[in-house]
Amino acid sequence: MIPDLGKYAVEVLTAYGVSIALLVLIVGLSVQRSRKVRAQLADVEARRDAAR
Amino acid sequence: MSIWEYANPKKFIATTTPLVPWLLGVSIALLVGGLIWGFFFTPDDFRQGSTVKIFYLHVPSALMAINVWFMMLITSLVWLVRRHHVSALAARAAAPIGIIMTVMALITGAIWGQPMWGTWWAWDPRLTSFLILFLFYLGYMALWEAIEDPDTAADLTSVLCIVGSVFAVLSRYAVNFWNQGLHQPASLSLDKEENVADVFWYPALVCIAGFVLLFVALVLMRTATEIRVRRIKALEARMRS
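Just so you know, the protein sequences line up as chains C and X, in that order. Counting from 1, position 13 in the first sequence corresponds to residue 13 in UniProt numbering; the numbering is continuous, with no gaps. Counting from 1, position 195 in the second sequence corresponds to residue 195 in UniProt numbering; the numbering is continuous, with no gaps.
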């Protein structure tokens, strides 16, 4: 399945592994923070509405 | 209709929120497609062997690292001139994406450099200016966190962004300015003569498109998040008073 990478297999696979991990990290953190902040905003708006 | 309408935070969120899942989906499809194409279906380079496959990650991430800073420069200038908060928050939202791209370019470059140049690192003009760009990203993010008043933070980070743009330019053109060092000139150019062979170029183009769209999706999502954070602070302050 994996093409024959010859003597540079470690370098190529490491580069792909690190890069994909970094991309997953930034997407994951962005989505997680977006969800958390949306929930916080909904909570604050609900408290404001209840206080009115 | 004017672009400045989107400086209204509500309008910005209403317009961009439905776009983000689509942009994210298309960008991931392009990235997966481009990387599979490059990794599995392109030949090895006659000199660099299989390390040429690092090209599909290194070049797009390096391109993004520099261009994200330019996007931040434009939005910072818009903030300084027109005082649109969304603009300053977009710059803030872009910085973590930019630093990830810079780290990716530095790491993949080091991994590629070791077998090709015989060293992980050299104080070459392009590599050094890229490292300084990374430090500017760090400083930019730290400055946002360090200053409590958001408008003052936006002012100071905008100035830092303008100063850092010198290194963003150097990261791109250092090889041309100083004809020395290990790093080769640009691999991708509008000049067809200078470009890499088409067999490497087409999958690289798909990967670049994927990186660009991923950045657009993430920056829109993160800007909306920053707007919401500011709204939370404003509401809490109002409720306290």
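Calculated from the structure, these hints are not laboratory results. Each hint should be verified, as a subset may be incorrect.
To be verified - In silico lysine to aspartate or glutamate, DMTMM-like type, Cα no more than 20 Å apart, as pairs:
id, chain 1, residue 1, chain 2, residue 2
1, C, 7, X, 44
2, X, 10, C, 49
3, X, 11, C, 4
What the hints assert, rightly or not - Ranges between beta-carbon positions, derived for each pair:
id, chain 1, residue 1, chain 2, residue 2, range
4, C, 39, X, 201, 43 to 51 Å
5, X, 147, C, 18, 28 to 36 Å
6, X, 4, C, 1, 21 to 29 Å
7, C, 40, X, 81, 27 to 35 Å
8, C, 25, X, 229, 26 to 34 Å
No experiment lies behind these values; they were computed from the predicted model shown. Beta carbons are placed, not taken as given, at the ideal position from N, Cα and C, and that holds for glycine.
43 to 51 Å as the expected CB spacing between residue 201/X and residue 39/C, which holds or is violated: Given range 43 to 51 Å: holds, Cβ gap about 44 Å.
When you check the alpha-carbon spacing of residue 7/C and residue 44/X, does it fall within 20 Å? Roughly 12 Å separates the two Cα atoms, so the pair holds.
Restraint status (C-alpha distance of residue 10/X to residue 49/C at most 20 Å): Distance of about 19 Å is within 20 Å: holds.
With respect to the beta-carbon atoms only, verify the hint that residue 25/C and residue 229/X lie 26 to 34 Å apart. 20 Å, violated
Given the range 21 to 29 Å, decide if the beta-carbon distance of residue 4/X to residue 1/C lies inside it. 52 Å, violated
Distance restraint between residue 11/X and residue 4/C, which requires alpha-carbon spacing of 20 Å or less: 51 Å, violated
When you take the CB atoms of residue 40/C and residue 81/X, is the distance between them in 27 to 35 Å? 32 Å, holds
Could you see if the CB distance from residue 147/X to residue 18/C stays within 28 to 36 Å? Roughly 33 Å apart at Cβ, these two residues keep to the hinted range, so it holds.
The structure is inconsistent with the numbered hints 3, 6 and 8, although it conforms to all the rest.
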